[in-house]
Structure formats: C-alpha cells, structure tokens
Amino acid sequence: MLEVTDLMHAYGGSDGAHVVLDGVSLQVARGELVVIVGPSGCGKSTLLRCIAGLQRPARGTITVNGTVVHEVPEGLAVVFQDYSRSLYPWLSVRDNVALPLHKSQPRRALRRETALRALAAVGLAAVAHRYPWQLSGGMQQRAAIARAIACDPVLLLMDEPFGSVDAQTREDLEDLVLGLRRDRGITILLVTHDIDESVYTGDRVVVLTGAPGRIRADLAVQLPEPRDQITTRELPAFVHLRAEIGRLVRGRQAAGAR
Amino acid sequence: MSRIAATALRLLGRWLVLAAGMGAWQAWASWRQSPFFPPPSAIAARMYHLWFSGPVSHLLLTPDATGNVLPSLGRVGGGLAIAIAAGLPLGLTLGRSAALSGYLDPILHFGRSLPAVALVTVFIVIFKIGTQMEVAFIAFGTIWPILLNTIDGARSVDRLQAETARAFRLSAGQRLTRLIVPATLPKFFAGLRISVSLSLVLMVIAELTGSSNGIGYEMNAASSGLDLTGLWAGIVLLGILGYVLNAAVLGIERHLLAWHRGARMLTN
Amino acid sequence: MSNESGVPSRARDVLAATWARGLVGVAAFLVLAEVLGRSGAISQSVLPLASTVLARAVGLAGNPRFLGDLAATIEAWAAGLAITVAVAVPCGLVLGSMPGVRTATHAVVEFLRPIPAVALIPLVALILGPGLRMNVTLIVYAAIWPVLFNTIYGVGDVDPVAKETLRAFGFGQLDVVRRVSLPAAAPFILTGIQMASSIAIILNIGTGVVTGRIDGNGIGAFIADANASGGNTALVLAAALWAGVLGLTVNGLLVWSGRRMLPWHRAYLGEQSLREMR
Chain A
27 MLEVTDLMHA
37 YGGSDGAHVV
47 LDGVSLQVAR
57 GELVVIVGPS
67 GCGKSTLLRC
77 IAGLQRPARG
87 TITVNGTVVH
97 EVPEGLAVVF
107 QDYSRSLYPW
117 LSVRDNVALP
127 LHKSQPRRAL
137 RRETALRALA
147 AVGLAAVAHR
157 YPWQLSGGMQ
167 QRAAIARAIA
177 CDPVLLLMDE
187 PFGSVDAQTR
197 EDLEDLVLGL
207 RRDRGITILL
217 VTHDIDESVY
227 TGDRVVVLTG
237 APGRIRADLA
247 VQLPEPRDQI
257 TTRELPAFVH
267 LRAEIGRLVR
277 GRQAAGAR
Chain H
48 MSRIAATALR
58 LLGRWLVLAA
68 GMGAWQAWAS
78 WRQSPFFPPP
88 SAIAARMYHL
98 WFSGPVSHLL
108 LTPDATGNVL
118 PSLGRVGGGL
128 AIAIAAGLPL
138 GLTLGRSAAL
148 SGYLDPILHF
158 GRSLPAVALV
168 TVFIVIFKIG
178 TQMEVAFIAF
188 GTIWPILLNT
198 IDGARSVDRL
208 QAETARAFRL
218 SAGQRLTRLI
228 VPATLPKFFA
238 GLRISVSLSL
248 VLMVIAELTG
258 SSNGIGYEMN
268 AASSGLDLTG
278 LWAGIVLLGI
288 LGYVLNAAVL
298 GIERHLLAWH
308 RGARMLTN
Chain G
450 MSNESGVPSR
460 ARDVLAATWA
470 RGLVGVAAFL
480 VLAEVLGRSG
490 AISQSVLPLA
500 STVLARAVGL
510 AGNPRFLGDL
520 AATIEAWAAG
530 LAITVAVAVP
540 CGLVLGSMPG
550 VRTATHAVVE
560 FLRPIPAVAL
570 IPLVALILGP
580 GLRMNVTLIV
590 YAAIWPVLFN
600 TIYGVGDVDP
610 VAKETLRAFG
620 FGQLDVVRRV
630 SLPAAAPFIL
640 TGIQMASSIA
650 IILNIGTGVV
660 TGRIDGNGIG
670 AFIADANASG
680 GNTALVLAAA
690 LWAGVLGLTV
700 NGLLVWSGRR
710 MLPWHRAYLG
720 EQSLREMR
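Chains as they are written, first to last, in my numbering: chain A, 27 to 284; chain H, 48 to 315; chain G, 450 to 727.
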C-alpha cells in the first residue's frame, strides 16, 4: 500500500551537495511492519519525512494507497523521537491525544471518548488529565503513540521512537507497538538505529547504507509470532539474523567474506 | 523551631527593614520638619482625606478620587486595551510570516527605540487636550513591547511542535488556537508586563503636560501650589497603583501559564 | 505552511536578502507616508509630510541649539548610567550573594520599585531645582532597577561548582566574587545596562518635555521649545527621530562593547534572551 520509487534527496547548494538519499525504492504491503535500519546520517529520517509529506524530495515519487504524496496524506500518523517537544505542554494528555481528531469528529464529547479509548489501549487511562511534563519519558512516548493511533491511521510512521527512553521502557514500548499492530492491523514503517529492535519487531528489515543512502538489503524476518522479549531473542534464527544485519550496517560483506 | 514560628520570623525579616525605614523617616521628619519630606503619617492622612474618605456607597471614594483617579485609570486601561487588541493579532501575523516581518523589522525596531514621551506634544496637537489624546498616546507608546515580544514569540514556536501540527494535518485555525497562541503567550506576557509599567509612565507624562484632570494633573497643581504633602500623596498612590497593576498581570499570567512553569521546571 | 525544499540558500545570500527586504520596507513606508500627506488623506496641519520631517531632521544637524541639547542629553545619560552602574552592581553583588540581606531588603525594593520615576519629576524639580543634578537623580532612580535585578540574577546563576573549586584552592569570599561571580554575571549585567540605557534616554527626554527650557537643556527641552513656538510638529518629529537614532546608536555601542569584552559567553554567540528578575 506504500510505494516509494527512485527517491533522491540532497542538502546544500546545487553544486555537489550532500546527497542523503540516492535512488531508494521500496514497497510495503498492507499490515506489514517494516523496519529501516542504518548508520547515522544515512538519511533514514529524511526518507520517513518524505514519505510523511513533511519534506518534498528532490526526485522520485511516493504513493500511499495509490495516491501520490505531495503534502501530508490522509490516514497517516507520525511518532517522533523527541516526545517532549512533540506533545504540547499546554494541553493535558487527553487533549493532546484528541488534537488530530478535530477533522474527523466535530463533537468534543466524541473526541474525548476516542482519545480516552486510545489512551486505554496504551495503558495510560489513569493519567489522561495530567500534563505531558508530569509524566515519565516512557509514558510520554506512549501518549504520543496513543495520539497517533487515535485517528485510526492506515499508515504509522515512527522515527526512532524509542531512542530517548531507557532499555527497559524500550522493550515495553516495542511490545506495545507489536500488540497494537496485531489488534488493529495498521501498516507500520519504523526507523531505528538499534539492530536488535529491528529484528525483534519487524516483518522485514531494510538496511540503508551511509550517505548517500541506498538500500543495501531487504531481509524478511522469519521469526515465530507472537514475539517475546526473552524467548525470541535467544532463538538461533534471531542471533543469526541480527549478526547478518549488523555486518550489513557496518558495511562488511556477508558472513565468510572480508 | 515550629513551622509557624519560622514563617512568622521570615515574614518579619522581610518587613522589618521597611518598617524600620518608615519609622526612621517618621521620626526624622517630625523632628526636622523639612517641607520636602513630610512624615509618612501626614502623607497617609492626606491620601485618606483626598481620596478615600468618601461615602460607603461610592466604595469610600471621594469626588476627587472619582474625578481624577478613576479617569486616569480608565485612560491607562483604554490605552492598554487598544495596544493589546492591535498588537497581539498583528504580532502573531508578523511572527508567522518571515517575509512580512523581514520588510517591517527595521521600522518596528526604530519605532520601539523612538521615545514616545518625545511625541506627547504631537499627540496634543492632533487630538487636543483630553482623554482621547491620552488614550491614543498610551496606546501608541505601549504597543511596541507587546508587538515585538509577540512577534518574537510567534516566530520561535518550536519546530517540532510545528511539524507535529503539519503531520497531523491540523487546519490553519487549529494551528493558530492550539499551537501558535499558547506557544506565544509566555513572551506576550513578558511584553505585557513592560507595557503595563510603561502605561503608568505615559499617563503621568501626558497628564503633566496636557490634561485638565487626572492624577498627574493633580500632582502638577500640588507642585505649583508648593503643596508637598499633596505631591507625595500622588507619588505614593502611583506606587500603589503600579504595584497592584503589576500584581494583577502576574496573577493572570500565573493562571494562564501554569503549564509553562511546570514544563520549564523539568527542563531546567 | 509550504513544504521545505530541503535545499537552504547560503548564509550570506540570506543576510543580503534580509537587508534588502528591510530597506524596501523602510522605503515603502516613507513613500506611503508621503503619498498620504500629499494627497490630503492626512491633513498637513495635523501631521506634516515625511519629506518635510526628514528635511528638518537633516537641518538639525547644523542647528547649534539642537546640538547643544543633544550634547546635554548625552551628558545626562552618561553621568546617570555611570552612577547607576557604580551603585547597582556592587549592591547587586552583595544582595545576590547573601540571601539574608536580600530577604530583609525585599519589601523596601518592592515598595520603591513600582513608583514610576516620572512621578518624581515635580518633586525633584522642587527639591533640587533645574539642571543636570535633577536629571541625573531621576535617571539613577529609574535605571537602578534593571541593573540591580539583572546583577542579582546573574550572581544567582553562577555555577556553584565553579565557586567551590575556587574555595577549595583557598581563595576567600571576596576573590570568589571577583574571579567567578562577577565574570559569570557580566552578560546579565550588560543586558541590565542596556535596559538602563534606554530608560535613561527616555527619562531625560520626558523630564525635558515636562519641565521645559527653564529647567535645563536636553532634547526634551528642545521639543518643549519647538512646541511652545506655535505647534511646530515637523520640528518635534525631527527631534524625536534624532532621539530614536541616538537610542539605537547607544544600544548598538553597548552591544558591540559587550561582544568585545565578553566574547566567550554563549549569549553573544547565539540570540539568547536574558530575563529580568521580578
């Protein structure tokens, strides 16, 4: 349902600028969870922002459900890494989650209900009346996720969503996202630098090279569902895939070659 | 030491020096009998006599108070209201439009550094002596801090917050009411506080040069009549008004910007 | 809001574009004012033509009376500011370092501060009589607060680790103030001085306008004169223009000297706004 064709983007002047994406093409089927992983500066975030319609690429097209993306398309939701600057400090958690619902639901009572349901789905029903800055980092990111799913998106984009939280919280949030995908069937595109996370959560892992960013590999993740933080991570298939992707990210050849 | 005692001691410490100062002034003035520094008791008595000895039906205000103090306050209020009504929307518009503010920035900065007090005579010529002139003068002088601070606030809305608004496809109206206005409020209030202090200054200047009633006018009359106690009464009244107005703005700000303090405490 | 192109222009081009826009804005404003005046939309008896005002303003440069008044204003500004700094900075250092003293004087400060300095014009005029002394007294009274509060705030903002490091090496309290607190507070103090500078000019002109020529010299007195001799609005506007230029120049000078003296502080590398303490 998502199709990226020959995406190119560069920063700087027209002469020999810094190319961050070079001819990236990608397809994502409905209901898939695709993880994009790669070293810093490889344009992962740029790719996501182009898909989200927040940035116009220098070249290439992006199609969501058959419609070409120029501005931010409908049915899309984004979760940013920096939740403290993405949630609005003057709105309560509930009002933050209800914010994107104005278009679809003109009645305030209905919006609030939907927001509370979304908060319940992420386990934050008890703190709906609090302000974001009164919550811990992990809870704030949950609120951001709740805001993203409240409007029932068809495509969820997540830009290094767990980069700013501690390891324990990260695992909880990973499971949360997997659970949401299972219950709602959303298509998810997740960007991360954490290789473990990419293998654990993804149906597919797309490895991006360093700048200029190109797709080095597109691997399917053949791990059993439902995933579990302990048992899945000790499976030999997990370890092997993790090492493979690690090599690809570091630029070494596949196992055996140097 | 019990908590009550500790609090009492702290309060005492705060007010001790002031009370001691007043006491010393009172003693010195009664002894020295200097015409320039009447004792605080005389000043307080005059203030009561002049303004606060009226009937209960008028909130204890004398005709002098209603004829001078209230008009002055009304002019300050009117001027500030105009300044806010014009400055806030204009500031928001200019703050969000990099192009427009690029054109207007030098003019605005020059306008701010132009001392409004220099133009009081111009305003008298245009509007003639009276309330209209004063309100226009105060509005003109107080708009600059509000306008410039609002522009600054609207301009510096957090990029990620703005991107979030775009990512969730908020309408322009929503962006304005749910993002830009709340994000701009802290800086707007900083400008408002400056404008409130400035409004009193402009009120006094306007009434010292061109009015037929008001606190400044009364002080002018007292000065000409060498009535120093009356002059001091005016000074003290202005001090009280300044304090009350500032406290009122602070109170409103505290209420509206409770989230701002909370959020900043965590980042600091 | 439109999409970003993702390809930003060079810094110098941006700066040039900003300057160009500003100039266009000023030019457009002047042209508009002129057109409104000439077409009669704004009566010339009420507000003179922009060209007239500008011509007068240029003419003032050769007016010995005005130049004398300009010098007088600058003199009062300088004297007032110097005294203000000499009083407010040490007081601020003391109050900022000793919370006990600050609490004790808190009420006095809160009592004196809201009194607008212009309210004291008639009083000080009676006590001290006309001239520089009255002017400077009023300036000091009004300008002391921003410098004082900014100094207190700056001292309070000093990194305690820096101070403790110095104490650990055996330096006394006075040395700590001199070597750590004062340099750390310096940018804040400078901001306070900038505020005090504007206040000084405004107060000087305001006093002059109110008390007139009889009570001294200065741009304010010049304006009072200009008005007394038949509502000469163009002249008043021209003098006000000069006052604005003076304010900008003085402020620019302070900012520039601040950069020279304190190149190491972040505030002068970025556009950090420093708050005044309440």
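I should point out that these hints are in silico values taken from the structure, not numbers from a laboratory.
Warning: the hint list may mix true and false statements.
[Unchecked claim] To give a feel for the contact side, a few chain H residues facing chain A, derived at Cβ under 8 angstroms:
(1) A209
(2) E210
(3) P229
Note that beta-carbon positions come from the ideal geometry of N, C-alpha and C, so glycine has one too.
Each hint, compared with the structure:
no., hint, in the structure
1, A209, "violated (10 angstroms)"
2, E210, "holds (6 angstroms)"
3, P229, "holds (4 angstroms)"
Hint 1 from the list above is the single one not met by this structure.
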